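Make the full structure from the sequences, and use the hints.
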Amino acid sequence: MREALLEVKNLVTSFRTSEGSLQAVKDVSFHVDKGETLCIVGESGCGKSITSLSIMRLLASNGVIESGEVLLDNEPLQKLSDEQMRKLRGNKISMIFQEPMTALNPVLTIGYQLREPLLLHHKISKAEASKQGIELLRQVGIPNPEKRLNQYPHELSGGMRQRVMIAMALACHPSLLIADEPTTALDVTIQAQILDLINDLKEKLNMGVLMITHDMGVVAEVANRVMVMYAGKKIEEGPVEEIFNNPQHPYTVGLLNSVPNVDDPDFELEPIPGNMPGLNEQISGCRFHPRCKFAMDKCKVEAPPEFTVSDGHCTNCWLAEKEGELHEHRNKVAVRA
Amino acid sequence: MVSLIIRRTLQLVFLLLGISFLVFSSMYIAPGDPAAIIGGPTATETDIAAIRANLGLDDPFLAQYARYLGNAVQGDFGYSYQTTQPVADAIAVRFPNTLKLAVASMIVAVIIGILTGLVSALKQNSWLDVSATTFALAGISIPNFWLGALLILVFAVNLQWLPVGGMAHPFYTIDGIRELILPAITLGTGSAAMIARMARSSMLEVIRADYVRTARAKGVKERSVIWIHTLKNAMIPIITVIGLNFGFLLGGTIITEKVFAINGVGRLMIDAIAARDFPMVQGSVLLVATLFVLVNLIVDIVYTYIDPRIKYE
Numbered sequence: 047m048r049e050a051l052l053e054v055k056n057l058v059t060s061f062r063t064s065e066g067s068l069q070a071v072k073d074v075s076f077h078v079d080k081g082e083t084l085c086i087v088g089e090s091g092c093g094k095s096i097t098s099l100s101i102m103r104l105l106a107s108n109g110v111i112e113s114g115e116v117l118l119d120n121e122p123l124q125k126l127s128d129e130q131m132r133k134l135r136g137n138k139i140s141m142i143f144q145e146p147m148t149a150l151n152p153v154l155t156i157g158y159q160l161r162e163p164l165l166l167h168h169k170i171s172k173a174e175a176s177k178q179g180i181e182l183l184r185q186v187g188i189p190n191p192e193k194r195l196n197q198y199p200h201e202l203s204g205g206m207r208q209r210v211m212i213a214m215a216l217a218c219h220p221s222l223l224i225a226d227e228p229t230t231a232l233d234v235t236i237q238a239q240i241l242d243l244i245n246d247l248k249e250k251l252n253m254g255v256l257m258i259t260h261d262m263g264v265v266a267e268v269a270n271r272v273m274v275m276y277a278g279k280k281i282e283e284g285p286v287e288e289i290f291n292n293p294q295h296p297y298t299v300g301l302l303n304s305v306p307n308v309d310d311p312d313f314e315l316e317p318i319p320g321n322m323p324g325l326n327e328q329i330s331g332c333r334f335h336p337r338c339k340f341a342m343d344k345c346k347v348e349a350p351p352e353f354t355v356s357d358g359h360c361t362n363c364w365l366a367e368k369e370g371e372l373h374e375h376r377n378k379v380a381v382r383a
Numbered sequence: 002m003v004s005l006i007i008r009r010t011l012q013l014v015f016l017l018l019g020i021s022f023l024v025f026s027s028m029y030i031a032p033g034d035p036a037a038i039i040g041g042p043t044a045t046e047t048d049i050a051a052i053r054a055n056l057g058l059d060d061p062f063l064a065q066y067a068r069y070l071g072n073a074v075q076g077d078f079g080y081s082y083q084t085t086q087p088v089a090d091a092i093a094v095r096f097p098n099t100l101k102l103a104v105a106s107m108i109v110a111v112i113i114g115i116l117t118g119l120v121s122a123l124k125q126n127s128w129l130d131v132s133a134t135t136f137a138l139a140g141i142s143i144p145n146f147w148l149g150a151l152l153i154l155v156f157a158v159n160l161q162w163l164p165v166g167g168m169a170h171p172f173y174t175i176d177g178i179r180e181l182i183l184p185a186i187t188l189g190t191g192s193a194a195m196i197a198r199m200a201r202s203s204m205l206e207v208i209r210a211d212y213v214r215t216a217r218a219k220g221v222k223e224r225s226v227i228w229i230h231t232l233k234n235a236m237i238p239i240i241t242v243i244g245l246n247f248g249f250l251l252g253g254t255i256i257t258e259k260v261f262a263i264n265g266v267g268r269l270m271i272d273a274i275a276a277r278d279f280p281m282v283q284g285s286v287l288l289v290a291t292l293f294v295l296v297n298l299i300v301d302i303v304y305t306y307i308d309p310r311i312k313y314e
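Line by line, the protein sequences are chains A and B. Here my numbering is used: the first residue of the first sequence is 47, the next is one more, and so on. Here my numbering is used: the first residue of the second sequence is 2, the next is one more, and so on.
No wet-lab data here; the hints were simulated from the structure. In this text, all values refer to a predicted model and were calculated from it rather than measured experimentally. For each residue, glycine too, the CB sits at the ideal point set by N, CA and C. There are no misleading hints in this set.
Once the Cα atoms are required to be at most 20 Å apart in a straight line, the calculated DMTMM-like pairs of lysine to aspartate or glutamate come out as: (1) A:K133 <-> B:E223; (2) B:K312 <-> A:E201; (3) A:K55 <-> A:E112; (4) B:K222 <-> A:D128; (5) B:K222 <-> A:E129; (6) A:K138 <-> A:E249; (7) A:K80 <-> A:D246; (8) A:K138 <-> A:E82; (9) B:K124 <-> A:D128; (10) A:K55 <-> A:E121; (11) A:K138 <-> B:E223; (12) A:K80 <-> A:E267; (13) A:K169 <-> B:E223; (14) B:K233 <-> A:E201.
If you want the footprint, here are the derived chain A segments under chain B, 3+ residues with CB under 8 Å: (15) 130-143; (16) 161-173.
Computed Cβ-Cβ distance ranges for the label pairs, DEER-style: (17) B:T135 <-> A:F290: 56 to 62 Å; (18) A:E49 <-> B:T135: 56 to 62 Å; (19) A:I170 <-> B:T305: 27 to 33 Å; (20) B:S142 <-> A:S90: 40 to 46 Å; (21) A:S67 <-> B:W147: 45 to 51 Å; (22) B:G71 <-> A:K193: 54 to 60 Å; (23) A:K193 <-> B:Y306: 20 to 26 Å; (24) B:K124 <-> A:S330: 39 to 45 Å; (25) A:S330 <-> B:S142: 51 to 57 Å; (26) B:T174 <-> A:E129: 42 to 48 Å.
Right under this line is the structure:
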């Protein structure tokens with residue numbers, strides 16, 4: 047029985063710029079259940095980080111959520127005041143960022159930064175917060191946690207800093223953890239440790255995890271379900287086995303082919319030709335068609351709606367319609383171009 | 002830390018040697034005979050020659066310089082040619098006034114500068130930011146003597162809220178503070194403007210930093226995000242500007258002291274230069290140079306308290 051934790055419905059986020067208002071996230075819907083990991087995958091600039099910052103309501107000052115709904119435990123976050131939202135952050139929703147080297151404040155001790163969410167949300171004494179901080183550091187596998195509290199971020203390695211970030215994010219036992227490329231800046235061996243750690247803690251705390259990444263290896267490691275984004279839109283979503291074994295969208299296929307396969311000596315990397323369009327680029331029809339080797343005439347004029355491939359697996363590609371009667375036109379509301 | 006202090010002190014010794022040599026030689030080759038000035042308009046050739054011999058002004062340059070240094074290391078900076086008062090005593094009497102003025106100006110500059118910079122960074126491109134930036138530009142451009150005269154005209158002569166000048170009361174009394182207000186604003190405005198510009202750009206840089214976003218993601222209150230997470234990081238370049246400005250203020254009080262008739266080291270130095278009072282010039286310049294180095298040493302030490310990444314080996 048799935049328990050919905052986070053539900054995002056038709057999210058549109060845009061930025062005011064000197065070139066006018068640019069949409070970075072275009073009508074994206076998805077959900078994360080309790081105890082499940084959803085990976086959002088896509089190239090840099092596809093809107094995956096903006097999606098997560100929209101959920102946290104931490105967009106830069108020129109960013110605005112134009113429409114759509116974000117529900118956490120059926121509560122619409124958009125309706126909360128700034129103060130109510132602040133109380134939720136670090137408490138019910140936490141976030142881990144990409145760059146452990148810059149995401150910790152260099153002039154404050156680890157202890158101070160770790161105690162902060164505990165003191166803010168749990169209203170406990172400083173001594174009690176320190177005690178819990180030490181316990182958290184131990185939980186994320188940091189040796190000598192007592193000593194670390196008085197150290198500064200520059201005295202720790204990248205992997206240790208990311209562990210501190212995770213400890214901070216988990217301090218108040220959040221129900222949703224958003225991890226924005228948490229392992230991109232780390233060595234491969236450390237990467238695996240950090241991913242294992244997030245997985246373990248997810249199971250222990252029955253958290254929902256929204257993992258943002260461009261690394262298909264990470265997806266294979268942690269995801270229950272996958273959502274692929276391209277140029278601000280969701281183009282495919284499904285269980286992880288489906289996405290890896292039966293990808294429908296040519297872009298998803300392209301992403302999978304651009305991951306080296308060490309087991310297959312004949313495997314050749316196949317880059318996706320071209321670049322992702324800029325936010326202000328007007329592209330008619332499917333936004334991927336200029337880079338797609340299967341593009342048909344229809345793709346150039348009409349944006350594909352969402353087709354259901356199998357249970358929980360859907361894609362926005364005209365190929366899915368053509369291939370079989372099995373795929374019904376689930377979403378009658380054509381996605382805005 | 003200790004090694005930093007030792008190194009800087011050694012540097013100071015060499016710096017003072019160099020400065021004293023420069024000032025001594027420029028005074029030596031400058032036109033005008035101190036003996037003639039001391040003797041006055043009625044002095045005869047013989048009188049002047051006697052004064053010269055008495056002061057040792059006929060000795061070779063290096064001999065004079067060596068004698069000066071020898072006395073200086075024993076704390077004897079010579080006697081004023083004008084008043085025959087010991088130089089050290091004359092400076093000691095006036096230095097507190099200069100220090101008061103410089104410290105008061107710095108307080109004005111730091112408070113106005115940081116607040117203005119903070120507001121304009123937090124409200125970037127708003128009308129507040131535009132007015133703050135305009136204030137900063139005006140503050141840097143307005144000459145001291147004009148601002149001083151204007152303030153006297155408005156607040157002392159027309160409104161009669163504050164005294165016209167002088168510094169007769171201790172700084173901890175109401176009258177003492179009232180005396181300090183106008184000179185401190187006059188002298189501090191330029192520094193306030195420089196601090197404001199630095200505070201604005203430094204805050205703008207830090208406010209976009211990843212760790213500020215992390216703080217917000219933890220649910221930290223906006224007030225703490227600004228005052229703890231942002232400002233502490235933005236302080237390093239601001240402290241540098243504050244330190245440099247304080248050094249300049251200590252040596253640059255001349256015009257303000259003149260405008261407000263304050264009996265300080267700046268005025269002492271200018272009057273001494275006009276009168277070819279070499280020992281007095283020498284003594285004042287060495288004092289200002291020493292203070293400048295000391296202020297910068299303090300700034301370097303303050304760095305280590307603000308940023309734990311800065312360590313001196």
